Each structure stands twice: as structure tokens, then as C-alpha cells.
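> Construct all of the structure, not just a fragment, from the sequences and the given hints.
Protein chains: 2
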Amino acid sequence: METPQHYAELEQLMRSGIPLARAMELRIVGYDGERLALSAPLAPNVNDKGCAFGGSIGSLLTLAAWGLITLKLGERGIAAEVYIRDAELKFSEPVWDSLNAEAWLVEPDWDALLESLSAGKKTRCTMLAEVIGENGAAAAARQKSSFVLLPLVEGTR
Amino acid sequence: METPQHYAELEQLMRSGIPLARAMELRIVGYDGERLALSAPLAPNVNDKGCAFGGSIGSLLTLAAWGLITLKLGERGIAAEVYIRDAELKFSEPVWDSLNAEAWLVEPDWDALLESLSAGKKTRCTMLAEVIGENGAAAAARQKSSFVLLPLVEGTR
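From first to last, the protein sequence lines stand for chains A and B.
Taking the numbering used here, the leading residue of the first sequence gets 1, the next gets one more, and so forth.
Taking the numbering used here, the leading residue of the second sequence gets 1001, the next gets one more, and so forth.
By construction, these hints were calculated from the structure, which means they are not laboratory data.
It should be emphasised that the depicted structure is a prediction, and the values quoted were computed from it without experimental measurement.
The beta-carbon is built from N, C-alpha and C at its ideal position, and this holds for glycine as well.
Each hint should be verified, as a subset may be incorrect.
What the hints assert, rightly or not - Partial selection, computed: residues in chain A whose CB lies under 8 Å from chain B:
hint	residue
1	Thr-62
2	Glu-81
3	Ile-84
Unchecked claim - Below, a list of computed lysine-lysine pairs in the PhoX-like style, where the Cα atoms sit at most 20 Å apart:
hint	chain 1	residue 1	chain 2	residue 2
4	A	Lys-144	B	Lys-1144
5	B	Lys-1090	A	Lys-122
6	B	Lys-1122	A	Lys-49
What the hints assert, rightly or not - Calculated from the model, a selection of chain B residues having no Cβ within reach of chain A, i.e. all distances over 10 Å:
hint	residue
7	Arg-1027
8	Tyr-1031
9	Arg-1035
10	Glu-1075
11	Trp-1096
12	Asp-1097
13	Lys-1121
14	Glu-1130
15	Ile-1132
Here it is as C-alpha cells:
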């Protein structure tokens, strides 16, 4: 599969390339150029207490951040491997219903990041992602993560 | 299901109560009273690059830590809800084969923790968990996590 240029292609890449994303029944529900929104039903992501499993929450937040980067690269036709390097995850309240997450870039800005990659440089970025809480206001969980992006030279993929 | 008193019961609880653990094909492979060891094959936990998905690694590390606490409580006949509060996860190298993880308690010690719970107090603890690297020496990934343990009074479960 080519680097996805649209979020329907990204959803297809996640579900065909990452069995756990398929098991989570993950779907992309929104993208406005700055934020990527993912959703997953509770049933495949539940824990023994009947609320969302922490591992599902972490996976959803990681996929939202990774997916947004992958999508932005696809739009610009930049081929790169995108690896997560570290993550800080805070759980504020249990989630008793569908999981809804959003991710966005913190630093650098997209122009600087894409320019660095286009110049063939290994590039780092910081992402934030949240699971929206029950009242829609405060986050039920929040993850700050660092990614490493390795540009692929033509023919190396 | 009762609080597990043996790791075969814990594996059953994980696989019946947490669909994602079942999707990961997670197994308990060792327990010596201090460390709990989990394993999962690569195939259901792979990403689009052919190595282990970061969300699977995070889930495995969380389940190892949660599982060890749950098992220790079961051995002492203490009923409590065990929630993850936050996690710091660092990925040092990709994992290209089966995932093998171990978790252990950092603080307080087990005696202090179990005594606090037996006295009916909400108790916190810090856990470490690692995915063993390819050479068996350095960790491929490491997670430090905080848990909150809420004692259950007889009849509340």
C-alpha cells in the first residue's frame, strides 16, 4: 500500500497492517487538517471492571498521533517511517462508553517538520492526544508522545 | 470469577474479561512471587512495518503490572479494584519477534501495600515493567506506572 493521502486510506492501512487496530474496531471519524479524530466501541476494548481497558486507551492515543503524522506526510507525498519513541499517559477518569480520541501536533509546526523531512533529515516531533471525557469537556485520558521520522530515499521501500 | 489465587486463574481472568488480551494471544509464562512474566506472539501484535505495534507493547506492560498486583492480592485473599493512574513508556528498540515482558513492584514493598489495603485504605503503588530486548540484556521497552488500589468491603462486589 502507498502512503495514504486520504483518511479512508489511512483507516485501511491501520486495519490491514495492525491487527490490534482491527481487533479494537477502530474507525477514523474526523480530520480537519490539524486534528485527527478516532473512535472505537467499548465492547472489544472493555476490561474486567466493565470500563475501557487502559491498554486500549493507550493504543488509541498512539494510533491517533501516528495516524495524523502519517496522513500529513501522505498529503505532501513524503515517504518516511514513523516510530514512537516515548509516551507519558495520564488516566483521569474511567470511560464507560465508546472511546473518542483526538490527536494534534505540539512541536515543531507542520511546515518546519515537513521541510526537515523533505531535506532528507531524521526529524523528531511531539504530539498530544486525548480521550474525550463523559461530559465532553475534560479529557478522560491524555498522552504526550515523541516520534522519530526517518525519511525514505526512493527505492528503499 | 473470584480474585485469582494462581496465575492460571489470572490468565483466565485476563482472557475472559479483557478482549484485547485475548486478541493479543497473551499468556502468563512465569511467576516467582516477585515478578510476573507474560508473553505474546508477534503476529497478532505486529504493525505496518513488520515489528511489534507500540500499543501492543504498552498493553502488555500494563497487563503485566496490573496482573502482578491482582495475583498478590488474590494470594492474600484481599478484594480490591486495581486501576492504572499514569504511565511513562520508553521505546528503546523495535521488537521483531515474540514479546516477552516482566513486571515488578517498585514502591512501597508488598508488606506495606497489603497491610494498608487490609486496613481498608485506598493505596497507591509504583510498578516497573520491561519488554526484554533481542539480546536478552537491555530492555526494548520499559514502562513505569502508578496504580490506585481501592479495597472492596464485603458485599460491594
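> Tell me, which hint numbers fail for this structure?
Violated hints: none at all, because every hint is consistent with the structure.
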